[in-house]
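Novice: The residues making up each chain are set out below.
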Amino acid sequence: AQSVSQHNHHVILSEAASLELGCNYSYGGTVNLFWYVQYPGQHLQLLLKYFSGDPLVKGIKGFEAEFIKSKFSFNLRKPSVQWSDTAEYFCAVNSLTGGGNKLTFGTGTQLKVEL
Amino acid sequence: DAGITQSPRHKVTETGTPVTLRCHQTENHRYMYWYRQDPGHGLRLIHYSYGVKDTDKGEVSDGYSVSRSKTEDFLLTLESATSSQTSVYFCAISNTAARSYNEQFFGPGTRLTVL
Chain A
1 AQSVSQHNHH VILSEAASLE LGCNYSYGGT VNLFWYVQYP GQHLQLLLKY FSGDPLVKGI
61 KGFEAEFIKS KFSFNLRKPS VQWSDTAEYF CAVNSLTGGG NKLTFGTGTQ LKVEL
Chain B
1001 DAGITQSPRH KVTETGTPVT LRCHQTENHR YMYWYRQDPG HGLRLIHYSY GVKDTDKGEV
1061 SDGYSVSRSK TEDFLLTLES ATSSQTSVYF CAISNTAARS YNEQFFGPGT RLTVL
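Chains as they are written, first to last, in the working numbering: chain A, 1 to 115; chain B, 1001 to 1115.
Zero decoy hints are in this set.
Simulated restraints, written as ranges between beta carbons of each label pair:
#1 B:Gly1016 <-> A:Pro79: 51 to 61 Å
#2 B:Asp1062 <-> A:Thr30: 27 to 37 Å
#3 B:Ser1069 <-> A:Trp83: 44 to 54 Å
#4 A:Gly41 <-> B:Ser1083: 15 to 25 Å
#5 B:Thr1005 <-> A:Thr86: 20 to 30 Å
#6 A:Ile68 <-> B:Asp1054: 29 to 39 Å
#7 B:Glu1079 <-> A:Ser70: 38 to 48 Å
#8 A:Gln42 <-> B:Glu1079: 26 to 36 Å
If you are wondering where the hints come from, they were derived from the structure by calculation, not from laboratory data. Small disclaimer: the values here were computed from a predicted structure and weren't measured. Idealized CB from N, CA, C, for every residue including glycine.
Let the sequences and hints guide you as you build the complete structure.
Specialist: In structure tokens form, the structure reads like this:
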């Protein structure tokens, strides 16, 4: 079964610091990859997604992620975080060769940005 | 935002009682999902539906049942609620004209407390 690992469970940064959140998945075949964000008290919203093509994908609010197939990774980055980026971030993977249309989520990374 | 509503938004119930949560969509999407979100576990799939009256189990389906009699409605029932089912429940939808389109859109969530 597909599994997704997010190594950083809690991250605290100061405003303007750079961010990188790790995500690794287990399945070696064709995958779709997603990062979702959940602001306090809200539902999950899509930040960005990778289906195919350029492995560097750009999302909303200045976020980007790089798909490295050889490392089974899809790390999320932002050059300069803002206080409003305080949220929980989830990596998710869909493996296209089995299991139907289902996403497997990581356990999430709680990001706190301090002023 | 995708047209997804969940009801109720908050519920407190007692152990042993049946509980039904409702997800309603106005997007005419084929796939619908129920997840539970718990600290340290991220989102875990309970059940999903790939069409009217077509449902399948997710990774944490024990103690839950679902029904989908119309495209727009997906019901989650806790047959006999237990304290371990205290959680936040999210409904999601996706449209899969092609298998690569696996992005899911999430509802606002239902916070369920079982005493």
